[in-house]
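Participant: Take a look at the letters that make up each chain.
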Amino acid sequence: MNSFLTAFFAGTSQGAIYALVSLGLVLVWRGAGVVNFAQMGQAMFTTYIASQLIQNEYSYWSAFVIALISGALLGALVDLGIMRPLSSRKNSQLLNSQSMRTTVPVIASLGILGVLKALAGIFWAGEERGFPAPVPTTGLRLGNSDLAITGFDLFVIGVVFLALVLTTIFFTRTGMGLAMRASALNPEVTRLSGIRVGSVRTLSWAISGTASSLAGLLVTPKTNLSPNTLDLLLIIGFTAAVVGGLTSLAGSVLGGFILGYVIAFVNVYSAPENVFLAILIFLLLALFLRPQGILGSKEVRRV
Amino acid sequence: MLKVANLVTEFASIKALNDISFQAKPGRITTVIGANGAGKSTLLRTISGLERPTSGSIKWFDEELTDKSVEAIVRSGVAQVPEGHAVISQLSVAENIELGGLFRKRQARGDLEIATKEVYELFPILFERRREPAGSLSGGERQMLAISRALVARPKLLLLDEPSLGLAPLISAQIISIVDQLCKSTGLTVLLVEQNANTALAVADHGILLALGKVVADLPAKELIADSALRAAYLGY
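Chains as they are written, first to last, in our numbering: chain A, 78 to 380; chain B, 789 to 1025.
Next up, chain A with everything else stripped away, as it sits in the complex (with noise of 0.2 angstroms):
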């Protein structure tokens, strides 16, 4: 009962983390038709920045407060100065074909990701170094017994249970949120209805780049932080959103929390070893059974 406990609230609070990123590539994907691997290249920037600024005596919330401004600000100017310049050029030979201007901008985010940690690397000399967290890490103790989850647990599913709150409310309840809907469902509608889609796919780069930078302040005082210790988060965070349905944002996250669950199970009853093996059984079960994902809508043509 114990180890089941132990997996069921390491998977929680890990797939909190995983849906993070997972719902950061899809809002990318979604309203800019990019698939982002630059993501968690930005989160581990932003949380350099952090760890920056706590050594020189912020305190936690302030720095974390900036980091998720800057990893806001990292991804609008993602867009801005690279994405839509990339777009734009309409007579490019390069970008003619419909699957050169897919690839472009991929290719554009891996080179990214390569100049951010370039950059980390110049800046704080690529150590790894260790990441506080704001509450205790150790397990938490109720009466005599021991519990199988941290305060820092309930602190990372707290803090991403608010955002998703928060981020349900801007799409379903604000104009903002239904010009982003829109944009991403039909751009050609959306701008003849006067809204200014360019803006409106820089803030979905906006708003992916503070998810993950919080994924990246979330998870880094575990894992330490170093410019390569959130490559597997993006790996994870991306199978997640394919699970999810790619399209959907509630299923990115459902398929963050899924995989969460996954790897935390195969951790405590069998080896940390056979994890990736889970996960690539995982994901081809679920393009076998569900190519469209959870939460995925089928392309549904009228004729």
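Note that these hints are calculated values from the structure, not bench results. Some hints here could point you the wrong way.
[As the list claims (entries may be wrong)] To spell it out: a stretch of chain A is covered by chain B in this simulated footprint if at least three of its residues, at any positions, have a beta carbon under 8 angstroms from a beta carbon of chain B; those stretches are: (1) 258-264; (2) 268-281.
[What the hints assert, rightly or not] Facing chain A, a subset of chain B residues (Cβ under 10 angstroms, in silico): (3) 859; (4) 861; (5) 863; (6) 869; (7) 870; (8) 875; (9) 876; (10) 879; (11) 883; (12) 884; (13) 887; (14) 889; (15) 937; (16) 938.
For glycine and all other residues, C-beta sits at the position ideal for the given N, C-alpha and C.
For this one, chain A is given, so just place chain B on it according to the hints.
Facilitator: Quick look at chain B alone, frame taken from chain A:
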């Protein structure tokens, strides 16, 4: 007054619009007819900014539209209802309508509520089905929704691209007569593109016949209806 002068729009050096000039009177319906591939949709898409003209000018009163973005053109009072009942199927009926007025939510919240109420009065079926996804509507209802989305922006010029496409004659006649009433009651200017010429010309003040990207006739609608030689030559009936 909409003034189109010497408009040329090219797709990979094929002239889809080849030196088009015409005017549409304010508060009236101007109907553009022509066979498939005559350039009717391209004309509307060039006016709304979705396609960029190679040369020529499009003037809506004193404003030159050719150098403006799609969004800016909508904001200056020109709304397009694109071909094929363009609504966003995954969004609800109410959200589709909300989308149309979103850009003026800050300046004109009160008027937006009135405009929304008006389109629901115009098309009561949409009010009944407002919470359902737009994808579940029938073809006629989707067209009503597409028109409503454009109307809540309070356009001065409405560009309608084949509203009767794929609809039963009775329903398309109903939609066109509602547009006609709107025109008369609110002073809306309408540029109506149709392949199905008779209903569309019947409500129009003026008719323009396009063929292979050129204007071949620009006549009062009544004369265009009556000219059977012209119709036989260009429309085949």
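Participant: If a hint holds in the structure, say so; if it doesn't, say that too.
Facilitator: Cross-check of the supplied hints:
Coverage of a stretch by a chain is defined here by at least three residues with a beta carbon nearer than 8 angstroms to that chain's beta carbons; for the region 258-264 of chain A and chain B the count is 4, and the condition holds. Check result for the region 268-281 of chain A against chain B: holds, 7 residues qualifying (beta carbon to beta carbon below 8 angstroms, three or more required). A hinted interface residue such as residue 859(B) counts as satisfied when its beta carbon comes closer than 10 angstroms to some beta carbon of chain A; here the least separation is about 5 angstroms, so the hint holds. Because the closest C-beta pair between residue 861(B) and chain A is about 9 angstroms apart, less than 10 angstroms, the hint holds.
A least Cβ separation of about 5 angstroms between residue 863(B) and chain A falls short of the 10 angstroms threshold, and the interface hint therefore holds. At its closest, the beta carbon of residue 869(B) sits 8 angstroms from a beta carbon of chain A; the interface hint therefore holds under the 10 angstroms criterion. Interface hint status for residue 870(B): upheld, as the beta-carbon distance to the closest one in chain A is roughly 7 angstroms, under 10 angstroms. Residue-level restraint check for residue 875(B) holds (minimum Cβ-Cβ distance to chain A is 7 angstroms; threshold 10 angstroms).
About 5 angstroms separates the beta-carbon of residue 876(B) from the nearest beta-carbon of chain A, less than 10 angstroms, and the hint is met. At about 6 angstroms, the closest approach between the beta carbon of residue 879(B) and any beta carbon in chain A falls short of 10 angstroms, and the interface hint on this residue holds. Here the hint on residue 883(B) is kept, as its CB sits about 6 angstroms from the closest CB of chain A, short of 10 angstroms. The interface hint given for residue 884(B) holds, since its Cβ lies 8 angstroms from the closest Cβ of chain A, which is under the 10 angstroms cut-off.
Hint status for residue 887(B): holds, given a least beta-carbon distance of 5 angstroms to chain A, under 10 angstroms. The interface hint given for residue 889(B) holds, since its Cβ lies 8 angstroms from the closest Cβ of chain A, which is under the 10 angstroms cut-off. Against a cut-off of 10 angstroms between C-beta atoms, the interface hint on residue 937(B) holds, since the closest Cβ of chain A lies about 6 angstroms away. The closest approach between the C-beta of residue 938(B) and any C-beta of chain A is roughly 8 angstroms, which is under the 10 angstroms cut-off, so the hint is satisfied.
In the structure shown, no violation is registered for any of the earlier numbered hints.
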